Amino acid sequence: YLNDVVVYNEDNSYTEYDGQGVVFTLTMVDGTQTDIMAYNPFIVIDGIGYKTKYEPCEALNSYANELLNSGTANIILEEPPTLSVVSDETAIGAVLGTYSWQKTNIDGTAESAIADSPHPLECKDLLSPPFETTETTATLRFTEDPDTILSVQCWSDEHWGEPATNSEDVTIVGNVLTLKLGGYIYEVTAEWNTENGYGGTASYFIYLKTAD
Numbered sequence: 269y270l271n272d273v274v275v276y277n278e279d280n281s282y283t284e285y286d287g288q289g290v291v292f293t294l295t296m297v298d299g300t301q302t303d304i305m306a307y308n309p310f311i312v313i314d315g316i317g318y319k320t321k322y323e324p325c326e327a328l329n330s331y332a333n334e335l336l337n338s339g340t341a342n343i344i345l346e347e348p349p350t351l352s353v354v355s356d357e358t359a360i361g362a363v364l365g366t367y368s369w370q371k372t373n374i375d376g377t378a379e380s381a382i383a384d385s386p387h388p389l390e391c392k393d394l395l396s397p398p399f400e401t402t403e404t405t406a407t408l409r410f411t412e413d414p415d416t417i418l419s420v421q422c423w424s425d426e427h428w429g430e431p432a433t434n435s436e437d438v439t440i441v442g443n444v445l446t447l448k449l450g451g452y453i454y455e456v457t458a459e460w461n462t463e464n465g466y467g468g469t470a471s472y473f474i475y476l477k478t479a480d
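Residue numbers for the sequence shown, in the working numbering: 269 to 480.
Don't read these hints as lab results, they were simulated from the structure. The structure presented is a predicted model; accordingly, all values stated were derived computationally and were not measured. Where a beta carbon is used, it is the ideal one built from N, C-alpha and C, also for glycine. Among the hints, erroneous ones may be present.
[To be verified] Distance condition first, Cα-Cα at most 25 angstroms in a straight line; then the derived SDA-like pairs of lysine to any residue: (1) K477 to G450; (2) K448 to T377; (3) K448 to E379; (4) K477 to T407; (5) K477 to T372; (6) K319 to Q370; (7) K392 to A432; (8) K319 to G429; (9) K392 to G429; (10) K448 to D437; (11) K477 to I382.
[As the list claims (entries may be wrong)] Derived Cβ-Cβ restraints for the label pairs, each shown as a range: (12) T416 to D314: 33 to 43 angstroms; (13) E390 to V291: 29 to 39 angstroms; (14) E463 to T405: 25 to 35 angstroms; (15) P386 to G450: 16 to 26 angstroms; (16) G442 to D356: 33 to 43 angstroms; (17) S281 to A383: 37 to 47 angstroms; (18) T462 to V291: 21 to 31 angstroms.
Let the sequences and hints guide you as you build the complete structure.
This is the structure we're talking about:
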């Protein structure tokens, strides 16, 4: 899965973001252990963050998804998976918005959590600056793929602070979005069924700017 990693530079700003990373403990030939976390666009090695290209995190995320789907890993997600949006070979983390999440405990009891968030147009400070891309598409990458992407909508950044503004539809084929020219705030809403002992719905926000 992972042979080479292109590291840009040491960057510990991953600690400023909320979300989930995929964590692995590697045992070396000499018996020592190293903890590695994939948290797009970061690789964290023994607590030190490095900004990387997209592929290393995607490789580790794919391996984690295979473990989840194999049925051999007893993993219960406490909250919705994280979402990264990939364009220009770079991944940027989306902000988790409103969600409703349920998980089943080992004793069979269920726990539910509901979190509300402001409207995307009221999150300028949180979402700025925009991620700028020269491409006209972006790919959605979840740490665990949803069963359904319920909707994708967007608003022009001309309407910051105006939550009553009507949204615009976004074309999505599979997990690939067609981006609009200029600066737009995108909201993705997805759903996970509860067959694996957890699930629910969650929305995500991201601010993208496509060159004219």
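Checking each numbered hint in turn, tell me which of them this model violates, lowest number first. Of the numbered hints given earlier, those the structure breaks are 2, 3, 5, 6, 8, 11, 16 and 17, listed in rising order.
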